[in-house]
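Novice: We have chain A; now place chains B, C and D onto it with these hints.
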Amino acid sequence: MAKGKAQEVQVPTDHEGVLIIVEQHGGQAKSVSWQLLGQGRRIADKLGTRLMALVMGHQVEEVAQEAIAYGADVVYLADDPVLEQYRTQPYAHTAVEVIREAKPEICLVGATYTGRDLAGAIATLVETGLTADCTQIDVEPPPSRLLLASRPAMGEKLMATILCKQRRPQMATARPGVFEALPKDPSRQGELVRVPVTIREEEIAARVLEFIRDPNRVNLEDAPVIVAGGMGMGGPEGFEMLRELARLLGGEVGATRPAVDAGWIDRAHQIGQTGQTVRPKLYIACGISGAVQHVVGMEGSQVIVAINQDPDAPIFQVADYRIVGDVHQIVPALIEEARRRALVGEEAVARG
Amino acid sequence: MSVQTQNGKQAAPVTVNLEAKLFTIRYKADTAPHLAIRDQAVCAACERPCETFCPARVYEWQAGEGRMHVAFENCLECGTCRIACPHQNIDWRYPTGGTGIAYRYG
Amino acid sequence: MHVVVCVKQVPDSREIRIDPVTNTLIREGVPSIVNVFDLHGVEEAVRIKEQFPGTRVTVVSMGPKSAVAALRECISLGADEAVLVSDRAFAGADTLATSYVLSEAIRKVADQWGPVDLVICGKQTLDGDTGQVGPGIATRLKLEQLTYVERIRQIDPEARRITVERHLEDGVEVVETALPALVTVVEGINQVRRASMPGMLRAVRYEPITWTVDDFPEIDRTRIGLKGSPTVVGKAWVPEPVSRAGETLTGQDGEEGPGTPAEVARQLFDRLLATELPAQIGWAVAPVPAGDGGAGTPDGSPVNGGVA
Amino acid sequence: MAKEHFDAVVVGAGPAGAAAAYTMAKAGLSVVLLDRGEFPGAKNMFGGIIYRHELEELIPGCTQERTFPVERHITEQRYWLLGPESVVSIGHKHERFNSEPYNAWSTFRVKFDPWLAGKAEEAGALPIYQTVATGLIRDRSGRVIGVHTDREDGDLYADVVVIADGVNSLLAEELGVHRTWRPDEVSLAVKEVIALPRETIEERFNLEGREGTTIEFLGATSQGMTGLGFLYTNRESISLGIGVMVSDLMRSGVKPYELLESVKAHPMIRRLIKGGETKEYSAHMIPEGAWRSMPKLAGDGWVICGDAAQMVNFVHREGTNLAMASGRMAGETIVEAKANGDLSAQALAAYERRVRESFVGKDLKKIQRMPEFLASQDPKQLFDGLIGALNEAAFRFFTVDSRPKAQTHKEIMQDLIQAAGGPGGLLRLAWRGWRAING
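From first to last, the protein sequence lines stand for chains A, B, C and D. Residue numbers for the first sequence, in our numbering: 1 to 352. Residue numbers for the second sequence, in our numbering: 1 to 106. Residue numbers for the third sequence, in our numbering: 1 to 308. Residue numbers for the fourth sequence, in our numbering: 1 to 439.
Looking at chain A on its own, in the form it has when it is part of the complex (with noise of 0.2 Å):
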């Protein structure tokens, strides 16, 4: 982001329309790109424009028909079996091909790993701005047609929304889970392009060897949920149940220090000023007194539940949702609601 007043130069005006590309892995798109498609649809109806998708893969002309039911006018078709699997370079490569061709005023793009992976690849090679990691996007209405692109700064205490005034397509990519999708309508008309792959494999270095899914890992940082647990577990056997609860609630489960220390459960889990700092959408605290050391690594959190005995405990004065009493009764009670009420987490947004 560069300070200070650019100079008024005259906005490029051959670029209309807004584009999502969209992120798909093995034929299911992430619906981050459908949050995307959802927004995308409101600024072009803002601006009076249409709304592009641009799907890149191998076989997923389903995920080309979905993004129109998802409100995409026109879908950009790249299907090739060089883009079988994310790599940057075909990708880059092909998407800025459809962009030179397209000429969009607006590309946005799923704030995820492979998202920010490709934008910033796309972004050099068309000589634009990219804006990344936004939570709000808006547009200015005609004839200015400009992206507010905002999004949190300086450790997410500054919000700040910039603009890209010269240079088109003005391009951002937008966190998970922040944008509504619309309601999938399969009946939904939409032109479908098809667009030729011109990267040969031989030009292409990187191979992608495996993947190795690993549900078993501690991803404190990119989990939705989080439900941690302190002294008042009272033990390991306490934290099984809060295993349960996130699981069901698609999260993981995190732990103070002292839980950590008393070898309840692996360090990996250990949230505050020693361990991460995390702030997940929803976090339940069970049985953590609140010591400053552990609030400091989760007061960010969206939402914020706190289980506790002791009424005076200083965790209630960050909670959103205060409930005084016994873990061992309160936390099975939650775990018997979230089961009853067949909530499934396992498809969060947040991680794709």
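By construction, these hints were calculated from the structure, which means they are not laboratory data. Take these hints with a grain of salt, some might be off.
[Stated by the list, open to error] Computed list of lysine to any residue pairs in SDA-like fashion (alpha-carbon distance at most 20 Å, straight line): (1) B:Lys-28 <-> B:Leu-18; (2) A:Lys-46 <-> A:Glu-180; (3) D:Lys-279 <-> B:Asn-17; (4) A:Lys-184 <-> C:Glu-276; (5) D:Lys-365 <-> D:Ala-345; (6) B:Lys-28 <-> C:Arg-27; (7) A:Lys-157 <-> C:Arg-244.
[Claimed, not checked] Cβ pair distances, simulated, as ranges: (8) C:Ala-245 <-> D:His-94: 49 to 59 Å; (9) C:Thr-212 <-> A:Pro-143: 17 to 27 Å; (10) C:Ser-66 <-> A:Glu-127: 24 to 34 Å; (11) A:Gln-329 <-> C:Asp-170: 29 to 39 Å.
For every residue, glycine included, the Cβ atom is placed at its ideal position computed from N, Cα and C.
Specialist: For chains B, C and D alone, coordinates are given in the frame of chain A:
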């Protein structure tokens, strides 16, 4: 000193949100504790004045566990416990260089 | 091997607090540090040097003169040389202009000290948080791009191949590609060492090489600094502090508690499901039978005063 | 690789160490300046003010520099004797303090210490921060020849080690020049920096521009413990703290942060900080033993400066001042010794003589009976009883009613004498107190 105070609190007891105070301080946690209890059994038999004289409430007796919990992350490194532990039962070191407390004003 | 590590001196944004009264940033006591992810990059480079003796590690940074301190820290950790690209003409750069200048600097490094086999960047900076400079450099220098690397499995200098593990949302992707490559690293890739005393002493005496814009006669001056930066900050604001509902759940809506654990649990889920959380988290909530009041109990009777 | 050898290694980059390093580096000696903090001053807390004279002695002209990191120059100093809801005050404000050269300033250690250490760096001292000196290296004869540090390959060798590692001087303990301080030789001070708008501070303290006020207070605020409170104006904040003897703290069962909170709630103080936001809480120990707790200051290959050697004049609120003076004298001694080619223990002993003959030693000697005096008093009687009675006396003195003044004044005196433990008691107290302050 031959002082005998009768626990002379005069002011009305004030509730202090120590968490909020500690929250104002910048810390960079050491990877390993720089404070250690030499012998938990000594603490068990002690009146544990450390629970009151420590300005950061680093020491908290866990009755259930029967052990002294040391929240070394919040230590202000003042050294009071080093001098005032009645049984010299605290192994007091400086945290690793560059870690521990770092004031914003001082 | 010649490894270049790109580093940036940043304010430690993790230390920035918001004044709860004025709702402004507290900037006191926010130190300038080497971007943490970049430090992991330096560490990884030094480990490569330890694995392949004769490897040279050059650190490159763009920034103000005060960034010398950051470069010295990299020297203390074992980097061989450090270059600071510093000029007013470079100031105000966004990621596009930054990656242009850094890629030009890396070309110059290669001219002076030999071809570069590997460029390492942190996955993103603490202040900008974009993660775009790495891909930008890779694209400009036509290097193989490997982002979010949590482990370098193997480097084969003879075959000129590199195999890495990339950190993705739900697992690890193993990719093999050709050198020269650019790798961006995540924190988990290694534990940054503590500088040794000889390293510290070398660092305090070390003067980084400084290049100004005049050291780049070929550079396109329309593509650097503020002028070369397509993005500008429109406005910046401190978001309203998260207001915590602060509700004590008793399990008995509208009445004095306390309710049973089951009632409390029901109440909590009623609250949570009434928010945007399910959509954000991706909870697929099972359809509740009609006439159930939105939040039913197993026997179908409505929950007390179901707010949801 | 052969070990590098330095003329001096200075442990601690606070005012004492920085002054020593500056003095030596300026004279061309090779000096390493060690500090365990993220930066010099990171772990320090200020309960005092900075005086010009010693700084100018060390680095002439430095207080005139634009970068001299101070908050306000002090033009008014007040002493408050506090009852639970009253104050008897004396103070002094002088317009002459309001013109250059200023006498003293309020400041923050996080700004001041790096600035002073920066002077040493500019002079050529090698700054090695974020490094703990974990022990002393000695040769077979027992001479100190360097320090171990907590870094890999971390030993540093030098002709002289300057020990300036503060009140918790683990190196001085290792040396055996003193055992750990007793709880009655140190106090614990807790403090808050409380932010207020500049105009509010100027209004409340009757200040203009960069003028500043200090208030030292004692009495009811220390809750029956031997203690001293302090309040200083900074540009846009107030430093408010209180120090109490660790020995008293152990006995009283009062929690330091509750003590500070009750100070903040005192009616005379509450209104000065009203509406302020706490920016930082801090705690630090202060040496209170003075002359009689001072250890041996120099030996074979080592010297000790500042807090590490109990050099604090708590009566006159001078800690950094003595630290800088002792650091400068240590530096000067080593420079001379080096020039003479004689770095023996005998040559370094000149530092000890220098300190003891300077104002540092003389002032500390002057107050040498103070710790003993305070220890001999029941703090409850002294800080609550006597100061309480004084406040009561003042209240009655200033209350106008129909009683004859002579009778009221007589009663006041009687009550005061009573509070001091009888007529002899008051006299004894006055005499011993006088002696304690005047050697």
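Novice: Hint compliance check: list the failing hint numbers for this structure, sorted ascending.
Specialist: Result: hints 5, 9 break, sorted rising.
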